[in-house]
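Since the structure of chain Y is provided, determine the placement of chain B on it from the hints.
There are 2 protein chains.
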Amino acid sequence: MALVNENYLKLAAGYFFPEISRRVNAFAAERPDLAKEIIRCGIGDVTEPLPPSAIRAMHAATDELANRATFKGYGPGTGYESVRAAIAEGDFRSRGIPVADDEIFLSDGSKCDCGNILEILAAGNRVAVTDPVYPAYVDANVMFGNTGAALAGGGYEGIVYISCTEENGFLPEVPDERAPAPDIIYLCSPNNPTGTVMDRPLVEAWVAYALRHRAIIFWDAAYECFNRGGAPKSIYEIPGARECAVEFRSFSKSGGFTGVRCGYTVLPKSLHAYTRTGEAVALHPLWTRRWNTRSNNVSYAVQRGAEALYTPEGKREIAALVDFYMGNARVLLEGCRQLGWKTWGGDNAPYVWCKVPDGSDSWSFFERLLREARVVTTPGAGFGRCGEGYFRISAFNSRANVEEVVRRLGAVACAV
Amino acid sequence: MALVNENYLKLAAGYFFPEISRRVNAFAAERPDLAKEIIRCGIGDVTEPLPPSAIRAMHAATDELANRATFKGYGPGTGYESVRAAIAEGDFRSRGIPVADDEIFLSDGSKCDCGNILEILAAGNRVAVTDPVYPAYVDANVMFGNTGAALAGGGYEGIVYISCTEENGFLPEVPDERAPAPDIIYLCSPNNPTGTVMDRPLVEAWVAYALRHRAIIFWDAAYECFNRGGAPKSIYEIPGARECAVEFRSFSKSGGFTGVRCGYTVLPKSLHAYTRTGEAVALHPLWTRRWNTRSNNVSYAVQRGAEALYTPEGKREIAALVDFYMGNARVLLEGCRQLGWKTWGGDNAPYVWCKVPDGSDSWSFFERLLREARVVTTPGAGFGRCGEGYFRISAFNSRANVEEVVRRLGAVACAV
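Those protein sequence lines, which keep their order, are chains Y and B.
Here the first sequence stands for residues 60 to 475, where the numbers follow my numbering.
Here the second sequence stands for residues 60 to 475, where the numbers follow my numbering.
None of the hints are false.
Per label pair, the in silico range of CB-to-CB distance: (1) B:Asp122 with Y:Asp382: 20 to 26 Å; (2) Y:Gly386 with B:Asn460: 53 to 59 Å; (3) Y:Ser329 with B:Gln397: 52 to 58 Å; (4) Y:Gly289 with B:Arg90: 52 to 58 Å; (5) B:Pro371 with Y:Asn84: 30 to 36 Å; (6) Y:Gly288 with B:Gly217: 50 to 56 Å.
Please keep in mind that the hints were generated in silico from the structure rather than gathered at the bench.
All C-beta atoms in this analysis are idealised placements derived from N, C-alpha and C, irrespective of residue type, glycine included.
The shape of chain Y in the complex, shown without the other chains (with noise of 0.2 Å):
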């Protein structure tokens, strides 16, 4: 008799994302009058172009493909060399940070390998994060059986919150020494959903918390290519880094691929996990084997196309790209605090967090911004407890669209 993996079925509703969608399906189907003026900015989907190098470099690349002499086949598991090494040379070691080329993971972007990585561990590690959060940590961590059931409240047993609030600017503090220590702490900076990112000394105080209790952080960095304003970037700026932590990264919102689906996986060789005895078991050659074993990673085009990113003129379209979505974002962040609400984020990141204006829960503002402004936001509360009374709004989407967006909260803001 086959069974089922159980843990399945303690996942609470349906996940965050497609429920928004549903709800918005639901409004246009009620109201298809109005259903042509629903601006999205709740996803955080990219909605610019591709970059031209990384168009030009996708089509050579298929064209490659239907030329016998030039076919590729298979490729390596843990992605083509010449990428790895455009990575490890592009994002860290011309930035001074020592990261070898086969200690880049290409894959298919940083929500799968978030995911993914909790392949090489045990089930059953302790596991923090941040509250609000980006759902998919916490989804992915429920079937691996990493918590136990869900709580009546939102969240899961077993999983340690770190309660991110307006007390302590929704930046994650180091946790009590009294309390026991997390195995697994997932940190994402600049923070999705809050747009918060955090200073050095913060995390310095994270990698020496890590170091300290043996644990392993997972730093989604997605969102570094908008962090501007010279907190870290890379986790492997802070020294120890290399010993602890496990970095993200994805060409989703620097390169728009979010269509495209590709990313990477920072692991350092020089990180161990432990079994339940004691030993040090480095990760790396565990997580190319994984990789060899499990996938063939993505297309060959693809992988050109994010090689494409490190060209100097794919530098200069990425810049130009994260430039009009900052844009978009002073637009909102302006726009909101013009209206006198309270906002995080924004400025280093592509999200501006704002507390609900009406005293309503979060989901209430959803429905009632959707219906009064057909405007799609996220509402704070499917990030988690803390983020009941707050709701994110994407700042990718046409200028066009973001200064409507800053008209029709106008409006809606009058009638608060």
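Okay, now just chain B, sitting in the frame of chain Y:
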């Protein structure tokens, strides 16, 4: 303290195919004068360019991503609806097999799916595989904790090995009812590595066995396009299979997608697994949730490329590719037979399975063919104990190379 997944420490040697590459590279380094002469019939990678219809679709999709008006961001976690519909109609409903569009789950390949599917099942299910077997099944199950330790003579404790030998024509017989039944059964037809094809009565016997024991069959049909002899292509041709089987398909061999990375899984809504207390749980919602939470599926252009394989032109181009490789297989089969070598497969599969003619073990004969004929084959022992004494020759190559391989094997045969 972060604990490692100790199941990884059970994994015997390196993954099989990288080990072959290592030996070939070692020989090439040792004899650079002969390196250029090496013909690779080892890993089973295709050699012919992609069908023009797929190339056109991939270019067109790439152009869509270059334009704001047609840009595509995040796609559905389970694949675009139009692609799923084209598959369900093209591979199933048009052949009288009832499969719904949303029972098709697009993916980056069947190697990946054969492992990923284990995520929704409990660790500790009793797993049966044929011997010889495609090693990725076994290694994935070791990683997931479905086995005990590696055994001295090869294989792993806890796995049920179904011996396929000369005596039974390298076809998997249904186990004796007195033996404890497996919970999960991997079957691959046309078979990798033996090239044998299960006929309808044999597949029916397996479906009946699975239903009787509430076991699940993982039907790996990655090579179904080469099966033109009337034996079941899809397991869903057999009544009852929708209640006991998952099917894996790949565009790697039909469309030459080994480097493009796309395949799919069929998971019927009527398929259940069980909780420890015996409650039936439908797997379709779990697998849907798995994809939506853990992935955003494959690149938009890749999906469009796969969809194009279902156009009339695409189908004609696939048929021509299959004709070509099957022509190669015929040349190899004839060649081996004329040498008096004992063979299986090669008529409805792109692999010829050969008995080692000189009485040596299969790694020794692999080395001999590499050194004396500069031909890379795959040693049977790498596929399991019952593979010892046999080797696999892949038909994926140019016709000229295949003919040259036959000539060189002839020279080795004379020396046997």
